[in-house]
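Sequences listed follow chains A and B, in order.
This note's numbering numbers the first residue of the first sequence as 1 and each following residue consecutively.
This note's numbering numbers the first residue of the second sequence as 1 and each following residue consecutively.
None of these hints come from the bench; they were simulated from the model.
Treat the hints with care, since some could be wrong.
Said to hold, decoys possible - 30 angstroms max Cα-Cα, derived DSBU-like pairs, lysine-lysine:
no. : chain 1 : residue 1 : chain 2 : residue 2
1   : A       : LYS143    : B       : LYS315
2   : A       : LYS120    : B       : LYS187
3   : B       : LYS261    : A       : LYS118
4   : A       : LYS161    : B       : LYS436
5   : B       : LYS190    : B       : LYS261
6   : A       : LYS143    : B       : LYS261
Stated by the list, open to error - Calculated from the model, a selection of chain B residues having no Cβ within reach of chain A, i.e. all distances over 10 angstroms:
no. : residue
7   : GLY52
8   : LEU223
9   : PRO238
10  : ARG242
11  : ALA295
12  : LYS315
13  : LEU361
14  : LEU364
15  : TYR376
16  : THR404
17  : ALA445
18  : ASP470
19  : GLY474
We treat Cβ as the ideally placed atom computed from N, Cα and C, and that holds for glycine.
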Amino acid sequence: METALKKSELVARLRSDILSLQGFRAPALGVKHDDFGLGPVMKAFPEGVFPRVGMHEFVSNSPEQTAATSGFMAALAGKMMKEDGLCVWVGRHRNVYPFALSQFGVTPDRVIFVDLKKDKDLLWAIEEALKCDALSAVIGEIKELNLTESRRLQLAVEESKVTGLLHRVSPRLSGPVAAVCRWRISPLPGGADQVLPGIGFPRWQVTIEKVRSGEPGSWPLEFRDGSFEMISQPVLAEEYISKAG
Amino acid sequence: MKRYVAIWFRHLLVDRVLLRQPELAEKPFVLAAKERGRMLVKAASRDTQKLGIEAGMVLADARAVQPDLEVLDYDPLLAEKLLLALAEWAIRYSPLVAVDLPDGLILDVTGCAHLWGSETAYLKDIASRLKASGYDVRTAMADTIGAAWAVSRYSRAFPIIEPGEQLAALLQLPPHALRLEAAVVEKMQKLGLYQIKSFIYMPPSVLRRRFGQGTLDQIGKALGNSQEAFEPVCPMEPYQERLSSLEPIRTATGIEIAIQKLLEMLCARLVKDGKGARQAILRCYRIDGEIQQVAIGTSGPSCSASHMFKLFELKIASIEPALGIELFVMEAPVIEPSGNAQETLWDLSSANKMTAIAELLDRLSARAGSDVIHRYLPAEHHWPERAITEAVSLTDQSQTDWRTDQHRPVQLLAEPERIIVSAPVPDYPPMLFRYKGDIHRIKKADGPSRIEQEWWISDGLHRDYYAVEDEQGGRYWIFRLGHYGEETNPEWFIHGFFA
Chain A
1 METALKKSEL VARLRSDILS LQGFRAPALG VKHDDFGLGP VMKAFPEGVF PRVGMHEFVS
61 NSPEQTAATS GFMAALAGKM MKEDGLCVWV GRHRNVYPFA LSQFGVTPDR VIFVDLKKDK
121 DLLWAIEEAL KCDALSAVIG EIKELNLTES RRLQLAVEES KVTGLLHRVS PRLSGPVAAV
181 CRWRISPLPG GADQVLPGIG FPRWQVTIEK VRSGEPGSWP LEFRDGSFEM ISQPVLAEEY
241 ISKAG
Chain B
1 MKRYVAIWFR HLLVDRVLLR QPELAEKPFV LAAKERGRML VKAASRDTQK LGIEAGMVLA
61 DARAVQPDLE VLDYDPLLAE KLLLALAEWA IRYSPLVAVD LPDGLILDVT GCAHLWGSET
121 AYLKDIASRL KASGYDVRTA MADTIGAAWA VSRYSRAFPI IEPGEQLAAL LQLPPHALRL
181 EAAVVEKMQK LGLYQIKSFI YMPPSVLRRR FGQGTLDQIG KALGNSQEAF EPVCPMEPYQ
241 ERLSSLEPIR TATGIEIAIQ KLLEMLCARL VKDGKGARQA ILRCYRIDGE IQQVAIGTSG
301 PSCSASHMFK LFELKIASIE PALGIELFVM EAPVIEPSGN AQETLWDLSS ANKMTAIAEL
361 LDRLSARAGS DVIHRYLPAE HHWPERAITE AVSLTDQSQT DWRTDQHRPV QLLAEPERII
421 VSAPVPDYPP MLFRYKGDIH RIKKADGPSR IEQEWWISDG LHRDYYAVED EQGGRYWIFR
481 LGHYGEETNP EWFIHGFFA
């Protein structure tokens with residue numbers, strides 16, 4: 001009985017050691033850690049901490065998904081940059097409209113766009129940017145990526161502690177990639193809870209398809225006034241109006 | 001009008017020995033060196049000079065005069081080294097100081113003396129400071145180097161020669177004062193020309209025939225009729241470093257080492273001057289006479305050898321050494337003052353952060369070209385394509401704030417693309433549209449919001465924008481170009497995707 005208890009303690013300790021080696025850090029007591037307002041999504045991550053030291057892979061297959069992913073990534077990067085951070089956005093056929101980034105809590109002039117033509121240059125530029133620890137985040141848009149290349153990026157991240165957000169736009173191959181998690185962001189139609197006409201706030205189905213040492217899951221989120229909000233139970237219009245009087 | 005000061009160290013080496021070894025002050029000593037198989041006196045202390053021992057005497061003869069003579073080694077390069085150090089010290093008096101071998105300094109003091117109040121005070125300050133530090137000096141100031149030199153060495157009169165008075169000051173002096181060749185001086189003394197005034201008024205043709213063109217030149221220099229070359233110790237050199245190789249270099253490793261060495265030399269100079277390079281050019285001179293050239297540019301003044309090396313590293317592959325490179329020349333043609341020399345001490349500042357990012361951008365643009373990096377600032381235009389403008393530099397700040405009240409798509413197409421819509425007239429949002437073969441049924445819509453062409457920039461129709469959402473939740477920014485007319489229906493376009 002006693003040995004069994006010890007064993008389970010040992011396993012727990014080893015697990016937390018492995019996690020810390022992988023770049024996850026358990027929140028110290030009383031220290032507020034960054035949860036970026038992601039709320040329930042944080043449950044997917046080990047220890048409930050957003051893995052800052054890691055590559056995050058985002059996959060999108062349609063222009064609508066690409067736009068949703070860009071918005072979500074911009075919102076995440078905005079949370080990481082805070083007031084004075086800088087971010088590098090590396091892409092090939094970049095369609096991101098800097099003007100719109102301010103809606104996601106990013107000051108557009110704090111983002112440096114690097115537009116490259118060759119895939120080889122693209123990977124190199126992302127890696128170089130990830131090595132620069134003066135940055136808050138690096139966003140890379142790339143089509144294909146194999147395991148070796150992603151390992152290199154992951155190693156660069158572990159060295160510099162700069163979070164990498166890798167956006168794979170319509171990839172043909174879906175082999176394993178050395179990223180801490182794989183996200184898929186799809187747009188959600190406005191539901192019955194929307195009382196006002198028009199298209200409203202950005203809404204996404206945020207899916208974590210894979211996460212290292214964590215629990216994958218899927219959550220509907222809305223980005224409202226600079227923070228992520230869980231979409232709650234639909235409120236019917238009549239109900240809302242009756243409440244409001 | 002130029003003004004020069006000549007400083008003559010009367011006993012340069014002896015004073016130096018006494019500064020180093022004060023215990024020798026009471027003893028007779030000479031500095032001697034071996035020459036043509038015998039020891040020659042090169043410099044003699046004041047006491048021994050009184051006994052008739054002087055430079056050029058054979059040591060054995062000097063020993064005969066003074067048996068307990070102390071003999072010290074003479075270092076042939078010492079005088080020059082000493083004068084260079086003194087010249088660097090004298091830069092406090094004028095930025096242009098030249099060494100005048102074997103025992104003097106020349107200062108170009110044009111426009112400097114008034115800082116000390118007057119020329120007298122200025123000259124006095126130089127002399128008294130040098131005397132206080134143990135050097136026996138004579139100084140003189142004149143319009144020409146020649147006149148100042150002559151007065152400092154051969155005149156006992158007041159050492160400041162008023163502008164234009166060189167001739168009068170020289171008249172009483174011996175011909176030596178003109179720095180003539182020894183043979184010429186000897187000839188003059190044989191002819192009884194003991195003072196400059198006895199020959200200076202002779203016609204030039206006579207002087208040239210008797211004493212050569214050199215004499216005329218020296219007279220011209222002393223009087224200010226011809227220019228005398230002046231070589232300052234610290235010239236304003238361009239930022240250029242050279243490295244020649246013993247063996248022709250053909251390997252990438254060799255080129256790397258050469259670049260590293262050159263950059264270290266260049267950066268040491270840049271750091272000393274508080275400057276940073278914005279551009280650096282490496283020229284490789286090949287054996288076959290060809291010159292290979294690579295250039296790098298930085299986004300901010302840089303004096304970091306490792307950073308510039310990283311930029312060059314990307315270009316080494318483009319250097320073709322062929323049979324070998326025999327000379328490397330590194331040049332920094334564009335230099336800017338660098339304001340953050342303190343950054344190595346304080347690693348926490350945001351300036352340091354900016355440097356790291358600037359270095360990253362330099363690397364990126366060095367490999368992929370300078371047109372790949374973009375940063376945007378808000379522009380005061382409603383027309384979406386013109387609402388942002390490219391920032392010139394990393395530190396460029398916007399005059400206005402970013403607007404958040406305008407709903408704009410996160411993905412904007414470079415060119416609006418045609419779509420086919422079915423829309424109720426006149427101003428309702430469309431019911432469905434077809435884009436790239438897919439039909440999107442519109443469930444929700446905002447709009448129209450009209451954006452007019454800015455007529456002062458370009459002509460064209462206005463756009464009526466609608467933000468629409470289809471049944472899958474995809475959100476699009478579409479617009480109608482112009483009004484519904486009588487005959488033609490307006491065209492519809494998709495311009496972007498909302499997140």
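Results of checking the hints against the structure:
Annotation: proposed proximity of LYS143/A to LYS315/B holds, straight-line Cα distance about 28 angstroms (limit 30 angstroms). Restraint check for LYS120/A and LYS187/B: the C-alpha separation of about 82 angstroms exceeds 30 angstroms, so the hint is violated. Of the supplied pair hints, the one linking LYS261/B and LYS118/A is violated, its CA atoms being roughly 33 angstroms apart against a limit of 30 angstroms. Restraint check for LYS161/A and LYS436/B: the C-alpha separation of about 41 angstroms exceeds 30 angstroms, so the hint is violated.
A C-alpha spacing of about 58 angstroms is found between LYS190/B and LYS261/B, which places the hinted pair above 30 angstroms, so the restraint is violated. A C-alpha spacing of about 41 angstroms is found between LYS143/A and LYS261/B, which places the hinted pair above 30 angstroms, so the restraint is violated. GLY52/B, annotated as away from the interface, keeps every beta carbon of chain A farther than 10 angstroms; the closest lies near 75 angstroms. Every C-beta of chain A lies more than 10 angstroms from that of LEU223/B, the closest at about 64 angstroms, which supports listing it as non-interface.
Even its closest Cβ contact with chain A, about 32 angstroms, leaves PRO238/B beyond 10 angstroms, as expected for a residue assigned away from the interface. For ARG242/B, the non-interface assignment is confirmed: its Cβ lies about 32 angstroms from the closest Cβ of chain A, beyond the 10 angstroms cut-off. For ALA295/B, the non-interface assignment is confirmed: its Cβ lies about 20 angstroms from the closest Cβ of chain A, beyond the 10 angstroms cut-off. With a closest Cβ-Cβ approach of about 15 angstroms to chain A, LYS315/B is found to remain outside the 10 angstroms limit, as its non-interface label requires.
For LEU361/B, the shortest C-beta to C-beta distance to chain A comes to about 7 angstroms, within the 10 angstroms cut-off, and the non-interface label is violated. Interface exclusion of LEU364/B from chain A breaks down, the closest Cβ pair being 6 angstroms apart, not more than 10 angstroms. With a minimum CB-CB distance of about 4 angstroms to chain A, TYR376/B fails to clear the 10 angstroms threshold, and the non-interface call is violated. For THR404/B, the condition that its CB be more than 10 angstroms from all CB atoms of chain A is violated, with the nearest at approximately 5 angstroms.
Separation of ALA445/B from chain A is inadequate, the least Cβ-Cβ distance of about 7 angstroms not exceeding the 10 angstroms criterion. Not every C-beta of chain A lies more than 10 angstroms from that of ASP470/B, the closest at about 8 angstroms, which undercuts listing it as non-interface. At roughly 4 angstroms, the least C-beta separation between GLY474/B and chain A is not larger than 10 angstroms, which violates its mark as non-interface.
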